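Participant: If you read the sequences in order, they're chains A and B. For the first sequence, position 195 matches number 195 in this note's numbering, and the numbering has no gaps at all. For the second sequence, position 36 matches number 36 in this note's numbering, and the numbering has no gaps at all.
Bear in mind the hints are in silico, worked out from the structure with no lab data behind them. Every value quoted in this text rests on a predicted model; they were computed, and no experiment measured them. Zero decoy hints are in this set.
Computed far set for chain B versus chain A, every beta-carbon distance over 10 Å: (1) Pro59; (2) Tyr69; (3) His74; (4) Leu85; (5) Glu185; (6) Ala192; (7) Glu243; (8) Leu272.
Derived list of chain B stretches under chain A, where covered just means 3 residues or more per stretch with a C-beta under 8 Å from a C-beta of chain A: (9) 252-262; (10) 275-286.
From the three backbone atoms N, C-alpha and C, an ideal C-beta is built for every residue, glycine too.
Chain by chain, the residues run as shown.
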Amino acid sequence: MTRQQVQKVAVGSITAVAIVAVLPIVVIIGFILVQGIGAINLTFLTSAPSNGMRDGGILPAILGTLILTLGTAIVCIPIAVAAAIYLAEYAGDTRLTRWVRLAIVNLAGIPSIVYGLFGLGVFVLFLGFGTSILAGSLTLGIMTLPVVISTAEEAILAVPQRFRVVSLSLGATRWQTIWHQVLPHALPGIITGIILGLGRAAGETAPILFTVAAFYLPDLPSSIFDQTMALPYHLYAISTQVPDMPLSIQYGTALVLLMIVLSLTLVAALFRTRMRRRRTW
Amino acid sequence: MTAPRRQLGIKLPTFLPRGWQEFVIERIIWLAGISTILIVALIFFFLIREGLPTFLDIPLRELFGSRWYPTEGHYGLMPLIVGSLVVTVGAVLIAVPLGLLTAIYLGEIAPQWQREILKPLIEILAGIPSIVLGFLGWVTLAPIIQQLGSPTGLTAFTGSLLLAYMALPTVISISEDALYAVPKEYRDSALALGATQWQTTIRVVLPAARSGLVIAVMLGIGRAIGETMAVLLVTGNAANIPEFGVGMFFEPIRTMTATIAAEMGEVAQGTLHYNVLFGIGIVLFMMTFALNSLASRFVGSQTARRRKGQL
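This is chain B alone, in the form it adopts within the complex (with noise of 0.2 Å):
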């Protein structure tokens, strides 16, 4: 760029004066800057005043009981909060080694052209609507698991290998900036010392990169717990609290996600079953609020320790 695009200095019109009309301009993108904070304070305050009767009207032992039949007045959060849980787990057992070591291979080993093919391709799958993931997986995937031994095929860990197809590109992009992060003379270092490149990336590199590496972690099962289609469509929707061990990932269960989703339009405004609903997205938006707040904080104390140079 070498002239600016359009003459300096703008005609105003005469019965402004300049300084008045820049304070209302700045004043509004002062406005659209706060008003980030006012929107999460706004989604908390309607997520409690819709939800808030099921922290109240129903006893703490009966919310967390192991029984959600709501049509007779069970409301045990219990089954929805554990399938949640296996669910992501699994999807966070795949997607971590998965996305890890592709974002390995894509920052110290693959070669340019490599990926220059591989990151565009990574990202057409973050844009894969997870709805078109949802239904693949209950019509091709499912029918899969089935004729491996599961009466449906509609399990946890069929959901869990969609969801952690979903959390592949956030756990690679973010891993990959941390591997990138790392100063190129600690390799050199480790290289000159005689090190093979597989002992520098695993002693050097992924030491040196570990805060950045939680934060792929966190944030993959973030995107992980709050996906809502997908699990909805392939997971089987019993409100089952599966008996602990492995055989937990081949059963059907039902996540916090698609209770709402499922539920929500037969429900009338104002019963307790809908505000139950609203109940689960309090304990969603507070598990996600509460999982991304401690990846931020990672993320500051990340950019304090490289401005110190400790990293």
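Excised from the complex, chain A in its bound form (with noise of 0.2 Å):
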């Protein structure tokens, strides 16, 4: 062969090794909307289980869903933002700023099945606070904190140094040029990363396995106290541990839980394509 022909047959199998690696990305979402659009209806996304979670609907696990979700977001945001100001703004070539880098790698690393086990030691047992919305909230939030802070970090340190320079050369502090000049320009890209890191949180199971969810409650949670259902904890269940489970459930379960993720990924990357286009410098 020559070397254009070995051109010609190392670019059509890399090209094929692409589609054998993207297609099954559409299979499998395609699949999941065939197969479980036929379970979703308003009783289905307004009622709780019923019959042994064989009938009804998945109100319960939906809104238990939503409510880690603001927790986590309540926990995550407030500690992932000052963090990631103090990596772009105040943090020097300092040991202790490799260190601070350091844990936050290894805080993306660890495997959520062990937050999960922190989350149980510290928060439910340790602390207190007992299988609940507050231990799942806290948990989850934590494991959320790497990823906000690299995207954060990232939109903050996107914003031009002149800014800086100019804001500082008029008489203003170093605080006031953060909080009037940098975070309004670094804004969208800072809250992308909470869309995205956000998203990732509604999906996990292994964190809330043993903190917060729960097999089967008809009511609503009423405080921070209590344990609530979860989607990605209540497909797991249904798909594992009722038996004669019908399949279309499961299906539609699955794609509520897909459709909420999906849509928070697909808001961050539309932010983040506008934003892109709307900056002017």
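Assembling the complex is the task here: the two chains are given apart, and the hints tell you how they should meet.
Facilitator: Set out below in structure tokens:
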């Protein structure tokens, strides 16, 4: 084979491999959509499960997931944004900063089930919150920190240096510069990171297994010390622990979960492209 | 952006001198930064606190034994560690070539319009919850593998396939960054010397990007070894050590993560079984900590070399 032929064969096979890698994504989503859409109707979305999960809807699980996502946001956003400001604006190239960065890399790599163990050990047992929305939100919030910190830091670093220089030269203090000049411009990027992080948290099962998730609760939780149902755990429970479970309900639950998580991802993506288009520096 | 959105200077309450207030804000921000170190330390501390009896009360020979029967007091971790490794090796063998070649396609071959379709698709894959993939593997993939000759279809290979797909976005995006970081001059020089695009990619771009590619592989391994829900559903959860060979991928196995997820709900706090599950958590924590610290070392040395102009 001449090298031009090699080139053709190589490009052809790489293209084929790329198709093999990407095509299943479309198939997976399409398949769940087709199989699950039949189960979705108003009753399914607005009523509690009945007849040992085999009938009725998944409303408590949907609401539980929304509550947990909100809780995650409350725990995660203040710490993550402040930490990102620290890394982007204050941290010098010191040993301490390198430790902080190493800590963030490792937080991102810790398996979600280990976060579950941590939440069980600290929040549920040691601090005595019990299996509760509070314990679950804290666990998910901490797990979401690294994603949000990294994206928020990138967004802050992307604000041009001259904005800061001008502000400082006009006599503004460091914090005034950050608050009035840097953060407003970094905000869209920060929000994108937050939405991405929350999307991931909403779909997680392992961290909530022992910290908050309930197998079946007909009533909605009334305080942050209550347990709640949640979509990912509900899907796990009905697909493995309920005998004779109708497949359509399982697919329907998977579809609802997928839609919630993917719509968050989509919103984040749209936000990012709009922001890039509007940026004029 | 032409004009500042707001007037500079904020109205400060008269009872607080500005300097003092800002001092407090900056302390809080510093504290948030430091909190990440504290959280890692706290996670480690609590894993040790609950899991230490594993390594103190159980003789090491028993702990690294091959029998995991917690109800009869046998806490051999070997089947679980081997199970995790088998699934992970399988996943890496699938995900790395697939991910690397897809990254080459995206970075070197695909026209712009294809890139704009493919990249969001890969981001979507990263967003699919693992329980959804696990569920799908359980209801569709396992029956297919069963028809291929496995008794239940719940095998290490089934898990590897799912994990490979979950690790794929990580491998692709980091490999692509690594390829993108190779200076354009390298490609231009190779092409100017008469090399074909393929020769340029394989002999110039890939070697220049190798440390980034190593990072991609390591983080891919990290993702795969820590995955829980999908492997819990599709690997059969049999705590056996399969015989070494190609056949081991087609045996049911049980991973460390799945063991914690499946058994923690049923044990009483303070029992040895409870402690051992935290002990498994320690092993997992150590493995991913080592992988990620090593990977970030690589990132550090890579940026340093680029700064010195060696890359």
